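Work the whole structure out from these sequences, hints included.
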Amino acid sequence: MKNQTQSASPIIAVIRDHIRQHGAAPFSWFMEQALYHPEFGYYTAPRVRVGRAGDYYTNVSVGPVYGQLLASQLLEMWNVLDRPDRFTIVEQGAENGQLASDILSALLDESPKASECIRYVIVEPLLRNQRQQRAILENNRSLLMRVTWCNDLTDLQPITGAFISNELIDAMPVRIVEYRDGGWAELFVGLAGDEFRFVPAKIVAPELSKVVSRIPLPPVAPYRTEVNLAAAKWVRTVSSKLERGFVLTVDYGYTRDDFYKPERTEGTLSCYSRHRRFYNPFDRPGEIDITAHVDFTSLAEDAEEAGLKLAGYTDQHHFMIGAAESRLLALEQSVAFSRLNPTHSKFLRSYQTLMHPGNMGMVFKYLLLTKGLECCPKLSGFKFAADPWASLESRARSLNQRSFGISHIHD
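Each residue of the sequence shown is one higher than the one before, counting from 595 in this note's numbering.
None of these hints come from the bench; they were simulated from the model.
The structure presented is a predicted model; accordingly, all values stated were derived computationally and were not measured.
Derived CB-CB ranges, DEER-like:
hint, residue 1, residue 2, range
1, 873, 734, 38 to 48 Å
2, 873, 830, 22 to 32 Å
3, 970, 804, 25 to 35 Å
4, 637, 611, 13 to 23 Å
5, 742, 677, 15 to 25 Å
6, 851, 937, 37 to 47 Å
7, 804, 774, 13 to 23 Å
8, 637, 873, 17 to 27 Å
9, 607, 744, 28 to 38 Å
10, 607, 924, 55 to 65 Å
Using 27 Å as the maximum straight-line C-alpha spacing, the simulated BS3-like pairs for lysine-lysine come out as follows:
hint, residue 1, residue 2
11, 827, 796
12, 977, 965
13, 965, 835
Cβ atoms here follow ideal geometry from the backbone N, Cα and C, with glycine treated the same way.
Structure follows, in structure tokens:
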């Protein structure tokens, strides 16, 4: 890939040395090093990532409203489970801990009784990030006493409660495949001198071959896309750790029908730096965010294979309308005979940013999974959602009836 910018990031030397010693590596390995290397990765090195001074905005950075509305959904989940004495919330990808603080604060305000039953677990392998999260939560000692940390999801004991994640899956390392000359190949990362470049190779991993066989045959070539094997592994682990309860995943992505649109010839891989989006992952690795959109159809299929049940799928616009409905009605009644106070105005501004179709409303999607429930009443956030499988599998039923070529592609 041309036009690579020189960078002083030490991760570049680490990756180059590995490739020179061991040969070209899968892109997933490159992405893992660039993002998660223990010393030099984008997410592990100390830097500002979120907000005006960082590289991107998130739902959490808009303000506490997002956490407040998620808290209302968690309270509904607690009620659906018949108000267990111990309700465990597990968050993975907690960034600086602000979402945990917003959720726990809202639960304490909305239902002190439910709050007494809450145990909040943050899955975070990095001690530096744990310290940052603890510092945020220490602003309210009553919140901090509800929180524990674990280094890895596999360390958890099975829970009754909910797994939640906000923009976790898009940051998982992905494999890249390309359709050309009548077949699929995997793209590895090699070197041309000192510059990184893609190197096509035969697909040999059985799990990758299985996923590629489900990709619609592109009408144009070359056609490049991503495969997130880590997401399938993650949802299997989550299922094994959930005895009874819910999984709520929030991320940007598409149904399979949209993910593999014919015009999406370069896939969905994107990079972010200083609020600028670009598409060259070899430009300053270690200093930039690298993401790939989520294929929610595949994620739902993998979840059901792992023993979970699909219970909801919608966009943020419709989720916010449903989740905030009772709060908006109460707000309407409280201001019927008076002007909006600053707190009300701030809530409405943040809410509009989150739900507006022109802002974040159509970007983020919500996937709800359950386990151990004979039936689940529709949560308010999914009140206006269509049938989830009807939304997700517009092409999925026909895919297994087609066969696709997997072959080696030469330079």
